[in-house]
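Protein chains: 2
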Amino acid sequence: MQTRLCGTTKQVLIEGTTPLVIIGESINPTRRKRLIETLQAGDFSYVEQLARSQIDEGADVLDINVGIAGGDEVTLLPQVVKFIAERFDVPLCLDCTIPKALAAALAVAPGKPLVNSVNGEERSLNAVLPIVKEYGAAVIGLTIDDTGIPKDVAKRMAIAEKIIERAGRLGIPADDVIIDPLAMAVGADDQAGVVTLQTIAQVRREFRVNVTCGGGNVSFGLPDRHTVNQAFLVSAMAMGLTCAITDPVKLASTIRATDLMLGRDGYASRYIRYWRAHKPKVDA
Amino acid sequence: MQTRLCGTTKQVLIEGTTPLVIIGESINPTRRKRLIETLQAGDFSYVEQLARSQIDEGADVLDINVGIAGGDEVTLLPQVVKFIAERFDVPLCLDCTIPKALAAALAVAPGKPLVNSVNGEERSLNAVLPIVKEYGAAVIGLTIDDTGIPKDVAKRMAIAEKIIERAGRLGIPADDVIIDPLAMAVGADDQAGVVTLQTIAQVRREFRVNVTCGGGNVSFGLPDRHTVNQAFLVSAMAMGLTCAITDPVKLASTIRATDLMLGRDGYASRYIRYWRAHKPKVDA
Chain A
143 MQTRLCGTTK
153 QVLIEGTTPL
163 VIIGESINPT
173 RRKRLIETLQ
183 AGDFSYVEQL
193 ARSQIDEGAD
203 VLDINVGIAG
213 GDEVTLLPQV
223 VKFIAERFDV
233 PLCLDCTIPK
243 ALAAALAVAP
253 GKPLVNSVNG
263 EERSLNAVLP
273 IVKEYGAAVI
283 GLTIDDTGIP
293 KDVAKRMAIA
303 EKIIERAGRL
313 GIPADDVIID
323 PLAMAVGADD
333 QAGVVTLQTI
343 AQVRREFRVN
353 VTCGGGNVSF
363 GLPDRHTVNQ
373 AFLVSAMAMG
383 LTCAITDPVK
393 LASTIRATDL
403 MLGRDGYASR
413 YIRYWRAHKP
423 KVDA
Chain B
143 MQTRLCGTTK
153 QVLIEGTTPL
163 VIIGESINPT
173 RRKRLIETLQ
183 AGDFSYVEQL
193 ARSQIDEGAD
203 VLDINVGIAG
213 GDEVTLLPQV
223 VKFIAERFDV
233 PLCLDCTIPK
243 ALAAALAVAP
253 GKPLVNSVNG
263 EERSLNAVLP
273 IVKEYGAAVI
283 GLTIDDTGIP
293 KDVAKRMAIA
303 EKIIERAGRL
313 GIPADDVIID
323 PLAMAVGADD
333 QAGVVTLQTI
343 AQVRREFRVN
353 VTCGGGNVSF
363 GLPDRHTVNQ
373 AFLVSAMAMG
383 LTCAITDPVK
393 LASTIRATDL
403 MLGRDGYASR
413 YIRYWRAHKP
423 KVDA
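Heads up: the sequence lines are chains A and B, in that order.
The opening residue of the first sequence carries number 143 in our numbering; numbering runs sequentially from there.
The opening residue of the second sequence carries number 143 in our numbering; numbering runs sequentially from there.
Among these hints, one or two may not hold up.
Unchecked claim - Taking lysine-lysine and the DSSO-like style, the derived pairs with C-alpha atoms no more than 27 angstroms apart in a straight line are: (1) K392(A) - K392(B); (2) K254(B) - K275(B); (3) K152(A) - K304(A); (4) K304(A) - K254(A); (5) K254(A) - K242(A); (6) K421(A) - K224(B); (7) K392(B) - K421(A); (8) K275(B) - K392(A); (9) K392(B) - K152(B); (10) K242(A) - K304(A); (11) K242(A) - K175(A); (12) K293(B) - K224(B).
To be verified - To spell it out: a stretch of chain B is covered by chain A in this simulated footprint if at least three of its residues, at any positions, have a beta carbon under 8 angstroms from a beta carbon of chain A; those stretches are: (13) 159-166; (14) 186-194; (15) 246-256; (16) 348-354; (17) 365-374; (18) 390-399.
Claimed, not checked - Ranges of calculated distance between the beta carbons of each label pair, as one might list FRET restraints: (19) E348(A) - S195(B): 31 to 39 angstroms; (20) G290(A) - E228(B): 55 to 63 angstroms; (21) T172(B) - S195(A): 37 to 45 angstroms; (22) G290(B) - G290(A): 49 to 57 angstroms; (23) D198(A) - G184(B): 52 to 60 angstroms; (24) R347(A) - G363(B): 31 to 39 angstroms; (25) T172(B) - D198(A): 37 to 45 angstroms; (26) T160(A) - A183(B): 52 to 60 angstroms; (27) S187(B) - G290(A): 53 to 61 angstroms; (28) K175(A) - G290(B): 57 to 65 angstroms; (29) S195(A) - G184(B): 26 to 34 angstroms; (30) L312(A) - G363(B): 32 to 40 angstroms; (31) D198(A) - R418(B): 47 to 55 angstroms; (32) A296(A) - K224(B): 48 to 56 angstroms.
Since the hints were made in silico from the structure, they are not lab data.
Idealized CB from N, CA, C, for every residue including glycine.
Just need the whole structure built from these sequences, with the hints factored in.
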């Protein structure tokens, strides 16, 4: 399957046979004090800086999350979306679970954005999917429902299937549903990684839709989180991940090397081009 | 299947459900000038240092390769094997293709060593397997034969099957055959990585024997080789690699993180223990 996203001018195809599509995660106030403060002040210069640095490192899509304490996402999200769209051509990923804010942002977003996210809860399915359909967007479906995040692969598969099915009923094609099988902290549950990895492989095999995963939750609470995040991302790519919500500033060289390993980089040209442009400070 | 190896006292089981078994690769003169010079001088102090540093970082088995220009492996290999066995308790992996040198080393090696390697060529099968059987060793089988290293998975599978079958005819059980599907340079052939990864998965699925892979060939000729080697090793583990001939000094933290990701590290205790002992110089 193929998910086509569009920004103001740039089109991005997520399809699995091409290099991993990088959804830059950094425009997200969680643990980013400077972003919180500047957003609260209505100053978007830092947002611009985060957008530029991620695109420079290879972000294909930008995730936009403006959830701050006391903030009004219904006003703020469309403002930031317009601000980014006036300056950058990449597709946007609207990271918000408030239906009104999503609708307001989708109304001003360029091209064909991605909505992050719907999940298997009835309330979420009923509120988010009609908006996704109305604006012709694509959507990320999280494998969580009213009973929480299942510990086993079969139940996560059942939620994924439910989301795809419910989207289909509204006329959203499976091409436009990207499943996120949710990577939880392996420091809290030592089976959390393998369950997610197996779900990735099984979703790709059985439903053939695109699969994404979020950033660094998997390493939460552990020392040397970067090494754990690397291990997760590379394993997930080997199991069939087709796009990732991640930090290209930290992980682009690993992603390029893994695309090369998976046979998606003819003549290693993307890997070498990235290295020439960035020369990471490591041994050659 | 389960490959049981023994050193003077230490037993190592390779079985796939436990953390990756690390076969330390560093006692190998290729591109190690100091090792060549000290071996030529009959001085084994550097060998001892390489053995200790690898065991300290988590090597479960030590690969021993003493192939130097003008050297006599029939004499040198058993000497070094005895030297190591008197000082360290881990199983040894005798890395040599000269049948006489292998026989001489196996005659003095402690416990149950691993022979690295036989391949699918008639000459190799006929010369190496009877020695492996005679000394009750285990053996690594490379997926190469008289026609070279096949470019496709099916032909590598056929060679693996042939090696397992020929070993079986001599009474060497499949438990004692470890297949190495050969990782070639992705810089020279951009499909080299994916063919090897797919062979790993298929050997595990169809033959269920253990699978290993050698070290850094995959990154040959590329910049930032460490990132490429990491990407390969993590991908290979995700695809089912059960042991690796690698450098634990460089890659142990990545291996520990990946074992954790694959659900083979209860309570993340191995990962955390390693980090406490080594505190890699990276961000926590």
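Would the hint linking K242(A) and K175(A) be met if the CA-CA limit is 27 angstroms? Holds, because 26 angstroms separates the two Cα atoms, which is no more than 27 angstroms.
A296(A) and K224(B), beta-carbon distance inside 48 to 56 angstroms? Since the Cβ atoms of A296(A) and K224(B) sit about 54 angstroms apart, the hinted range of 48 to 56 angstroms holds.
Count residues of the region 365-374 of chain B with a Cβ under 8 angstroms from any Cβ of chain A, then say if the count reaches three. holds (count 9)
Can you tell me whether the CB distance of L312(A) to G363(B) sits inside 32 to 40 angstroms? violated, 51 angstroms
Has the hinted range 52 to 60 angstroms been met by the Cβ atoms of D198(A) and G184(B)? 55 angstroms Cβ-Cβ, so the 52 to 60 angstroms window holds.
Do three or more residues from the region 348-354 of chain B put their C-beta atoms closer than 8 angstroms to C-beta atoms of chain A? As far as the region 348-354 of chain B goes, the hint is violated, because 0 residues have Cβ atoms under 8 angstroms from chain A.
Assess, step by step, whether the Cα of K275(B) is no farther than 27 angstroms from the Cα of K392(A), and give holds or violated. violated, 50 angstroms
Just to be sure I understand the hint, the distance between the Cβ atoms of G290(A) and E228(B) should be within 55 to 63 angstroms; is that true here? This hint holds: roughly 57 angstroms between Cβ atoms.
Agreement of K152(A) and K304(A) with the hint, judged by alpha carbon distance not exceeding 27 angstroms: Violated. K152(A) to K304(A) sits at ~31 angstroms, over the 27 angstroms cutoff.
Please check whether the region 246-256 of chain B has three or more residues whose CB lies within less than 8 angstroms of a CB on chain A. It is violated: at least three residues are needed, and the region 246-256 of chain B offers just 0 whose Cβ sits closer than 8 angstroms to chain A.
Pairwise beta carbon distance, R347(A) to G363(B), judged against the given window 31 to 39 angstroms: For G363(B) against R347(A), whose Cβ atoms are near 34 angstroms apart, the range 31 to 39 angstroms holds.
Between the beta carbons of K175(A) and G290(B), is the distance compatible with 57 to 65 angstroms? holds, 58 angstroms
Hints 3, 6, 8, 12, 13, 14, 15, 16, 19, 29, 30 and 31, counting from the list given before, are not met by this structure.
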